[in-house]
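Student: Please take these sequences and the hints and turn them into a complete structure.
If you want the building blocks of each chain, they are given just below.
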Amino acid sequence: MFTIFKLALKRNFMNIPITVVLIFFPLLLIYILGNALEGMQESGITLQENVGFYNQLQGVEAESLNQLMTDDQFGEIFIIEQVNEKSVGLDGVENGDFTSFIFAEKIGQQVKISLVTTNKNTPLATVLRSFTETANLAINASRSGLNWQLDTYNQEVFSKSDDNLGSPKGIDYYCVQSLLQSLIFGGLFGIFTVLEDNDKNTYVRVKVSPVSRRKVMGGRIAANTIYITSIAMIVMSCSTFFLGANWNGNPVIIFLVMVLMALIINGVGMVFAAITNSTGLAIGLLTVALMLWSKASGAYGPEPSDSIFAVLSPNFNAKNILYATIYGGSQMMMFRAFGWMMIIMCATYLVFFIVEGSKRNGDFQK
Amino acid sequence: MVIFRNNLKRFIGSKPKLIIVFIVPMLFTILFMSDDNNIQVSIAVADEDLSVISRELIGKLQEESEVKIIMRNEIRDNIIVGDVDYALIIPKGFQEGIINSHPISIEELYFIDSMKLHGARSFIQNYVRNLKFIGKNVANEEEFFQKTAEFEQENYVFDKVIRQGHKANESEGAIGYMIQFILYMSIITSALLIIDRDRNTVVRIIASSLPRSHYIVQSFLSFITIGVIQVSIMFVFYHFYFALYFGKNFIILFLLMSTFVIVANALSMIIVILTKNEKFSYGLILVLTTPLVMLGGGYFNLEAMPQAVQLISKFIPTYWTMEGARMLINDNHIKDVAVNFLVLLTFTATFLIISMIGYKKFAKE
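Heads up: the protein sequence lines correspond to chains A and B, in order.
Mapping the first sequence onto my numbering, position 344 (from 1) lands on 607, and the numbers just tick up by one.
Mapping the second sequence onto my numbering, position 217 (from 1) lands on 1707, and the numbers just tick up by one.
No lab work stands behind these hints: they were computed from the structure.
For clarity, every value in this text was computed on a predicted model and none was experimentally measured.
Do not rely on the hints blindly, as some may be mistaken.
As the list claims (entries may be wrong) - What follows is a set of in silico ranges between Cβ atoms, one per label pair, in the way DEER data are often shown:
{"no.": "1", "chain 1": "A", "residue 1": "SER500", "chain 2": "B", "residue 2": "GLN1797", "range": "25 to 35 angstroms"}
{"no.": "2", "chain 1": "A", "residue 1": "MET332", "chain 2": "B", "residue 2": "THR1840", "range": "44 to 54 angstroms"}
{"no.": "3", "chain 1": "B", "residue 1": "PHE1730", "chain 2": "A", "residue 2": "THR266", "range": "54 to 64 angstroms"}
{"no.": "4", "chain 1": "B", "residue 1": "ILE1723", "chain 2": "A", "residue 2": "SER500", "range": "36 to 46 angstroms"}
{"no.": "5", "chain 1": "A", "residue 1": "GLU348", "chain 2": "B", "residue 2": "VAL1829", "range": "29 to 39 angstroms"}
Said to hold, decoys possible - Cross-link-like lysine to aspartate or glutamate pairs, in silico, EDC-like; alpha carbons within 16 angstroms at most:
{"no.": "6", "chain 1": "A", "residue 1": "LYS375", "chain 2": "B", "residue 2": "ASP1649"}
{"no.": "7", "chain 1": "A", "residue 1": "LYS375", "chain 2": "B", "residue 2": "GLU1642"}
{"no.": "8", "chain 1": "A", "residue 1": "LYS375", "chain 2": "A", "residue 2": "GLU324"}
{"no.": "9", "chain 1": "A", "residue 1": "LYS423", "chain 2": "B", "residue 2": "GLU1598"}
{"no.": "10", "chain 1": "B", "residue 1": "LYS1804", "chain 2": "B", "residue 2": "GLU1793"}
{"no.": "11", "chain 1": "A", "residue 1": "LYS423", "chain 2": "B", "residue 2": "GLU1597"}
{"no.": "12", "chain 1": "B", "residue 1": "LYS1622", "chain 2": "A", "residue 2": "GLU396"}
Glycine included, each C-beta is placed from N, C-alpha and C at the ideal position.
Tutor: Here it is as structure tokens:
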């Protein structure tokens, strides 16, 4: 078994093009994704909306609303364009010129501020709702003879929590996601491990040799796991040194997570290969898994899913453990995630051995 | 056109290829485009006061944000792993502090300082300050709630209406996915060249009366045909399932995507010739596709990326495809995308020249 392990490990590392790509690709992803997502968050560019505005009010009422529309902070996210007629704004929303249209009109004694929008989550709704409530307060307070003053608004409402979370940069936060996403490509080695036997008649030679199939598989699984884990370690070192990524967690925990991920990914590749018996289809399934698991863990933006599907994703659990150790999360969260990763790993290899076992007495020639 | 027809038959006869090229893109788009929580702020609240005021504040937040009520000791974990964007801890004695004008504040936590939090923070700030103002001007709790109800009398009314409208960013996102799956399709089709070489089909063709150039041209045409069929099916799917709007110049957009099919197939031919092995060519395109689509602006707006990355992206065909698609979806003039077509055709010519130079050696092997 050790001979098989040595040979497989040597073959993996000697595959220079794939090794270089597996190291370079995550670094590229860390750089692009980290900077892009940080840029998007700081600038609010994903929130940017073209907003049409029509103000039918007069006097002080008009002035206060106009002031809100031209507020600096407001203007960073919303690109406001004043229109001369209500119909122009409504048409603008219909044909996509505006994401949202605000119009203010007086109906009897009431001022009605309407927001017509194609974005049901627009932050404008919160802003306008707040403006409306404050305006009601100011007017009703004045009518009651209370002196509603703007300097009430200088009081601090928030205090920063003592619980120091730190402020990670984009690269710090997304280096974990990017690496986990890239490691899934290690499943290719799991696929090649199973299907190369069929292609090169290695399986026939293995069957007539004194080495049991279990030892052959064991040696290859071990070699692939060490290989993928080594790639992960190299990427972590390079991202820390060249990109300033933050991997300052417990090194033992980080290493264990990478070993588990490598085992799972290798196993998944082997399962796909065993089920499909086709390189193309197995790689297609691996691509599907890559995208689904990455999305479940929030790799495409900081909004992970928390459904059962996410919990069954190795990326999601590995990410939780790594963030917990790097940014001081709870031990309970780490144990829970480790537990799920162990379950996923055992289930993966169980499925593989069941599928392989059922094919063992079949035709070895493909 | 024997080779052309034969390649199409081989492709149609392979169920895995049909699934990956036609079915998987649709499933993916359904999965990724159904998730529209990208912009909604998710807030965790630990309410230690459990008072009327704290519950009302939470109720107000729930009108526009996703709110999760949890314990204080769960907040850190939720924030760190990104389950929530923002957390609040309403301390015990909050209501009492507001009513009796004692200094009281809400603890806030966030991990990523994002513009996304701005709206929610402003709202909470204004709401609490309004309550503090009322608290300053009342004598007791009963008077406080009486005044609060009085001051809520609606002189100003807010109304929100959601319309369907054309959502350009959704259409652009759909184009991004289309580009990704065109790249996958191109390698699946181009890999037929490797299979032909390994099975000595190329040798038999050379030995026949069919000129070698016919083999390459007909193969390439068959790959493009499959790609154009894929693009057509995806557009039909987008229109009928998502009701996406692709601008007034849809025909030009279709031509643009078809041009990208040609570029992708030309690029895949280079990959196939370089890797010389079916498995490695699949692996390489798998690895290359994500950065190509990302750098092309297929996943997010390039304006958020560093200048150096924006410059590099201009040397990638996916960038010109996405930019052209964006302009057409936003109803820019057709002549604005002429440059995009020109650049894509230049990429095609370059890739084809490189692949022709490499093919001779590839076929000999």
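Student: Work down the list of hints and note, for each, if the structure agrees.
Tutor: Results for each hint:
The hinted range of 25 to 35 angstroms is satisfied by A:SER500 and B:GLN1797, whose Cβ atoms lie roughly 27 angstroms apart. The hint said 44 to 54 angstroms for the Cβ distance between A:MET332 and B:THR1840, and at roughly 49 angstroms that hint holds. For B:PHE1730 and A:THR266, the Cβ-Cβ distance of about 58 angstroms falls inside the hinted range of 54 to 64 angstroms, so the restraint holds. Restraint check, B:ILE1723 to A:SER500: a C-beta distance of roughly 45 angstroms satisfies the suggested window 36 to 46 angstroms.
Our hint of 29 to 39 angstroms for A:GLU348 and B:VAL1829 holds, since their Cβ atoms are close to 36 angstroms apart. In summary, the hint linking A:LYS375 to B:ASP1649 is supported, as the alpha carbons are separated by about 7 angstroms, within the 16 angstroms threshold. Of the supplied pair hints, the one linking A:LYS375 and B:GLU1642 holds, its CA atoms being roughly 15 angstroms apart against a limit of 16 angstroms. A threshold of 16 angstroms between alpha carbons decides the hint, and for A:LYS375 with A:GLU324 the separation of about 11 angstroms falls inside it, so the pair holds.
Straight-line distance between C-alpha atoms of A:LYS423 and B:GLU1598 comes to about 5 angstroms, which keeps the hinted pair within the 16 angstroms bound. Of the supplied pair hints, the one linking B:LYS1804 and B:GLU1793 holds, its CA atoms being roughly 13 angstroms apart against a limit of 16 angstroms. Between A:LYS423 and B:GLU1597 the alpha-carbon distance is near 6 angstroms, which keeps this suggested pair within the 16 angstroms criterion. Of the supplied pair hints, the one linking B:LYS1622 and A:GLU396 holds, its CA atoms being roughly 14 angstroms apart against a limit of 16 angstroms.
Of the hints listed earlier, there is not a single one the structure fails to meet.
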